[in-house]
Amino acid sequence: MDSTFLTIIEILGTIAFAISGIRLASAKKFDWFGAYVVGLVTAIGGGTIRDVMLGCTPFWMLNSIYLAVTGISLLSVIIFGKYLIRLQNTFFIFDTIGLALFVVVGIQKSLALDYPFWVAIVMGTITGSAGGVLRDIFINEAPLIFRKDIYAMACVIGGLFYWACYWINLDEVTTQIISAASVIVVRIVAVKYHLSLPVLKGEESELDS
Amino acid sequence: MDSTFLTIIEILGTIAFAISGIRLASAKKFDWFGAYVVGLVTAIGGGTIRDVMLGCTPFWMLNSIYLAVTGISLLSVIIFGKYLIRLQNTFFIFDTIGLALFVVVGIQKSLALDYPFWVAIVMGTITGSAGGVLRDIFINEAPLIFRKDIYAMACVIGGLFYWACYWINLDEVTTQIISAASVIVVRIVAVKYHLSLPVLKGEESELDS
Amino acid sequence: MDSTFLTIIEILGTIAFAISGIRLASAKKFDWFGAYVVGLVTAIGGGTIRDVMLGCTPFWMLNSIYLAVTGISLLSVIIFGKYLIRLQNTFFIFDTIGLALFVVVGIQKSLALDYPFWVAIVMGTITGSAGGVLRDIFINEAPLIFRKDIYAMACVIGGLFYWACYWINLDEVTTQIISAASVIVVRIVAVKYHLSLPVLKGEESELDS
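Chains as they are written, first to last, in our numbering: chain A, 4 to 212; chain W, 4 to 212; chain P, 4 to 212.
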């Protein structure tokens with residue numbers, strides 16, 4: 004893919020992720036700094052965990068754009084809060100495209116470091132979804148993706164498509180587009196038709212806390 | 004110790020840890036994917052934190068058996084849920100043996116990297132108990148080991164036995180067996196006689212949240 | 004600054020941070036081991052996250068003083084609990100001086116590794132405030148610094164003063180003193196005059212959990 008186009012998508016994805024964190028922080032009455040941190044962690048948390056596990060310097064320490072964009076996201080929420088809420092569908096699209104790109108970036112980076120494909124799929128999934136888990140821990144909620152959504156499953160499926168494209172020898176760009184598209188399609192279909200994974204049942208008596 | 008035997012014990016320990024995570028996730032109504040992630044984090048979280056601090060690649064990224072075994076654990080809970088509950092004592096034994104082995108592995112790995120013994124004991128304790136702490140954070144409970152159990156103390160005591168055996172020049176295998184056995188004995192004795200550490204008292208007025 | 008003096012301040016800061024963790028753990032009825040872990044994480048958590056991101060071995064693995072000092076802090080709380088509470092103002096001073104020093108240490112370490120200034124300021128802030136965030140996650144509270152305090156803002160402001168001093172070519176010692184002093188002044192002024200950042204308002208309806 005063209006790298007300017009990729010960068011624009013990545014920034015839009017970062018904004019969408021940051022704003023999702025900032026809005027939840029606002030519902031919890033966090034102050035501006037707290038909201039900034041929650042937004043930042045949502046946007047860069049997944050990639051940071053990935054990079055620490057891969058043994059790389061976290062990506063956001065190499066380019067200040069991620070911190071700047073999170074600041075702009077916070078300013079937007081402070082200034083345009085009410086109007087932003089009406090853009091819910093727009094954010095859903097950014098968020099989904101951002102998710103798809105984060106997954107592809109995570110897979111690519113792992114493969115470039117010679118990790119096997121199953122590690123790359125795990126890293127793609129972590130890149131896409133660990134930020135949201137950290138966000139939910141910070142605002143002291145049981146992580147949403149474990150209970151409601153096939154958010155993370157979309158990452159795994161995108162990773163499996165990447166793998167499939169690789170095995171049938173498609174070129175890199177086509178592979179990335181198909182993988183990203185599969186994440187987007189799965190996510191949109193799941194939300195539209197309220198699809199979710201089965202809940203693991205029973206055993207309330209096991210929780211002895 | 005014989006390495007095939009060690010591998011079998013390690014896999015049984017991983018299964019016991021994973022199932023403990025999956026069962027708590029089920030009590031919180033997590034979906035299958037969420038239960039898988041909580042099981043995985045319980046099983047590999049401690050070793051991952053250890054490896055990141057030691058500057059190594061996380062162990063589970065080098066062998067797909069840990070992810071596979073967690074998947075099999077999830078399947079077992081989905082299929083045999085009710086019957087598994089009756090095996091509580093069996094799981095306690097696996098869990099305790101797994102804990103003992105995880106502690107020994109954590110100590111060995113740290114010593115092999117030339118860290119001093121006190122770091123190795125901390126790493127053994129982290130290997131054995133940090134996964135359970137992450138599990139409790141993910142399901143949004145105050146970590147159980149801080150309130151109820153001498154789980155983590157068993158790790159520390161196992162580490163001290165390792166140290167003692169080393170100073171009196173016992174060979175490596177005997178040292179490992181004695182260290183692992185001390186973890187198992189302490190844990191079983193503590194649970195059987197309801198031993199626990201004193202609670203730190205008072206100061207409710209300090210919590211200003 | 005004189006290194007013996009610095010070491011004494013660092014140890015006092017570690018004690019103040021550890022005791023803040025131990026006291027909150029005590030309000031949650033944690034046992035001694037749990038209180039020790041929460042105290043330790045409060046004292047060394049920020050520096051550990053910094054070192055992992057910078058790709059260094061966590062500082063406390065190179066010197067056992069931090070674990071020892073946390074143990075002494077726990078013993079003090081167990082033995083002198085009630086008397087320690089009366090020393091609240093003394094702890095506030097240690098805590099604030101410790102915070103200031105932690106920020107300066109985090110900035111210095113990052114600059115020594117050739118990271119740009121904005122990374123150093125983030126690392127200084129993480130060194131000073133991430134331990135408290137981990138503490139609050141461990142005791143299962145929404146992190147306090149995101150809701151009540153300009154604790155973390157004091158770190159950022161201290162970092163900006165460091166930067167300013169560097170640009171006008173002040174020598175290293177003067178730069179460090181000014182930076183640390185700015186953290187202390189901001190924190191004291193904020194607490195004395197009950198200054199806080201604005202809360203991000205509204206959007207309760209967004210929290211769909």
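Don't take every hint at face value.
Pairs involving identical chains hold if they fit within one copy or between any two copies, as the list cannot separate such chains.
Result set (BS3-like, lysine-lysine): computed pairs, CA atoms no more than 25 Å apart in a straight line [stated by the list, open to error]:
1. 32 to 195
2. 112 to 195
3. 204 to 32
4. 204 to 112
5. 32 to 112
Honestly, the hints are just simulated from the structure, not real lab data. Quick caveat: nothing in here was measured; it's all calculated off a predicted structure.
Hints and how they fare:
1. 32 to 195: between (31 Å within a copy, 22 Å between copies)
2. 112 to 195: Classified as neither: same-chain Cα gap 31 Å, cross-chain 49 Å, threshold 25 Å.
3. 204 to 32: between (34 Å within a copy, 7 Å between copies)
4. 204 to 112: For residue 204 and residue 112, neither the intra-copy (37 Å) nor the inter-copy (38 Å) Cα distance is at most 25 Å.
5. 32 to 112: Neither: 37 Å inside a copy, 34 Å across copies.
In summary, the numbered hints that this structure violates are 2, 4, 5.
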